Amino acid sequence: MISYYKKYAPYLFLLPAAIVLGLFFFLPFFDTMILSFKDYSTNIYNPSWIGVSNYIYLMKSPEFYKIILNTFIFLVCAVPLLVIIPLILAIMINQKIKGITIYKLLIYLPVIVSIVVAAIAFKWLYAQNGILNYVIGLIGLKPIGWLTDPRFSLYSVIIVTVWKGLGYYMMIYLAALMSAPKDLYEACEIDGANFIQKHLTVSIPHLMPTLALVTTISSISALKVFAEIYVMTKGGPLNSSKTIVYYIYERAFENLDLGIASAAAVILLCIVMVFSIINVVFFEGKKY
Amino acid sequence: MQKFQIKNLMVHFSLILVSLLCIFPFLWLLSTALKGSGENIFQYPPQLIPTKATLANFKSAWTQIPFLTYYINSFIVAFFTVILNLILSSLAAYPLARMEFRGKKIIFYAILSTIMIPFQAIMLPVYLIVLKLNMVDTVNNFMGFLGLILPFAVNAFGIFLMRQAFMAIPRELEEAAFVDGCNIFQIWYKILIPMVKPTLATLAIFTFIGSWGEFLWPSIVLTNKAMYTLPVGVNDLQGMFSANWRIIAAGSLISIIPIIIFFLALQRYFISGENEGAVKG
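Line by line, the protein sequences give chains A and L. Numbering-wise, the working numbering puts 166 at position 166 of the first sequence, and it's gapless, one number per residue. If you count the second sequence from 1, you need to add 1000 to reach the working numbering.
Rather than coming from a laboratory, the hints here were simulated on the basis of the structure. In this text, all values refer to a predicted model and were calculated from it rather than measured experimentally. Any given hint might turn out to be false.
To be verified - Beta-carbon label-pair distances, calculated as ranges:
hint: 1; chain 1: A; residue 1: E186; chain 2: L; residue 2: Q1164; range: 27 to 37 Å
hint: 2; chain 1: A; residue 1: G236; chain 2: L; residue 2: L1173; range: 35 to 45 Å
hint: 3; chain 1: L; residue 1: R1102; chain 2: A; residue 2: D191; range: 53 to 63 Å
hint: 4; chain 1: L; residue 1: A1226; chain 2: A; residue 2: S48; range: 19 to 29 Å
hint: 5; chain 1: L; residue 1: L1027; chain 2: A; residue 2: I97; range: 45 to 55 Å
Even for Gly, the Cβ is constructed at its ideal location relative to N, Cα and C.
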């Protein structure tokens, strides 16, 4: 084996990316942890070390408890929908039927449109005397304050996130279905299995790694939700639709409470890491 | 045969229903934007087709809001973010795919670990760093753009995507090029880059979409309205026309025209299902 490069060549190739990742990923990563041990609320220009006080503050704060609960509800509602509906859509679309391209385009459209526009569109649907309240009125329900009633606001936001993600996850499943074992489908048909049986016995087992992947990606993106909340509710009413990233944003950039914001960010980091590690373990275990 | 057709009918029915749900919010915006001041947009029952369609709302949105500036700003940010991602990812991916060197494993896992660091969790120190480097629009437009672009100039997904692409190329090509007198940079640039063009295209398109729709970061760093990107500008509509939904709807639609054209022109990259590797968190 001839060596056709100088010893330092690999580092030169890596250098530009290393500078960017170092400056905008690793440095801020460690900064976040350092900031989380400081107190900025008394003097923003001269913060003092306060150990784990910010974390203790968060643990004792009913507001933060509410935030964590909302984030958890968001996960528990959005993730199953984003794992299952796109799976069904992908199986339906992965057939030789007419109009597939049109279906795919329309279902994918929400993915490419900016979340800000999507949120504005939904805000209009959710208006007090808007079209959605008209529709539920048809089946005899009273108008709902979709974004203004603390009982509903979080779920109204979840609907937008799910709606915007369907096409994205559907395409991930479709890509995986392309490599599904065709001979097994044929064997199923010969054995007289129907549509649903066929997919339960062949498609779903084939898609297990993809299911795990979609679960992880959708969980992490549910944890990172921000724009929908910012545009539609600003976290309100009464913190009812506020999740962790919005809380971090508000604490950092509106209250200038950098220490508390960073402590919340560290907690977010830990949650995301747990999800990523579960994914790695699950993946590596299933692969071979 | 009978059963087969019923099944197909049900599939079509469900897909049409889902497709309609996916585009209805936009259709309703369109319907609202086309209604003139003579029409009640809160009318019950709601009217999807305007009785007297008018483009007046689009005109007034276009004249009152500097959409052209927003388009250009968004384009500059997305374009340079794409270029930097293509260059930096394929540079960094090459040694990871092909060379043996000290610390390779550590560097590999360090890059991999950034996938676990969501930007939202570190955005505050990123902002402080950008401030310290003077990369904000209060200094000048150029620095403002730098601050918007540089934090997203490269990421682990791009590096790993390019690494996969490089690993699929036979080694003999590089050795032949070396014998012919190419240095390592020339091998990368003249032999390998042309061979990974399809992957570069995929990376470019998904980076472009991500950058074009990005809201959180520009809304943090931008202070100067002349520097606003589309999502920030569109969000601003709400404040400017608090209850004038006709104009808000028209403005929102104007803002999504370029990306829809982009999407339709390059649809095969999005919906062919061949871009499994481009999965992004």
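How the hints compare with the structure:
| no. | hint | in the structure |
| --- | --- | --- |
| 1 | A/E186 x L/Q1164: 27 to 37 Å | 31 Å, holds |
| 2 | A/G236 x L/L1173: 35 to 45 Å | 59 Å, violated |
| 3 | L/R1102 x A/D191: 53 to 63 Å | 57 Å, holds |
| 4 | L/A1226 x A/S48: 19 to 29 Å | 39 Å, violated |
| 5 | L/L1027 x A/I97: 45 to 55 Å | 24 Å, violated |
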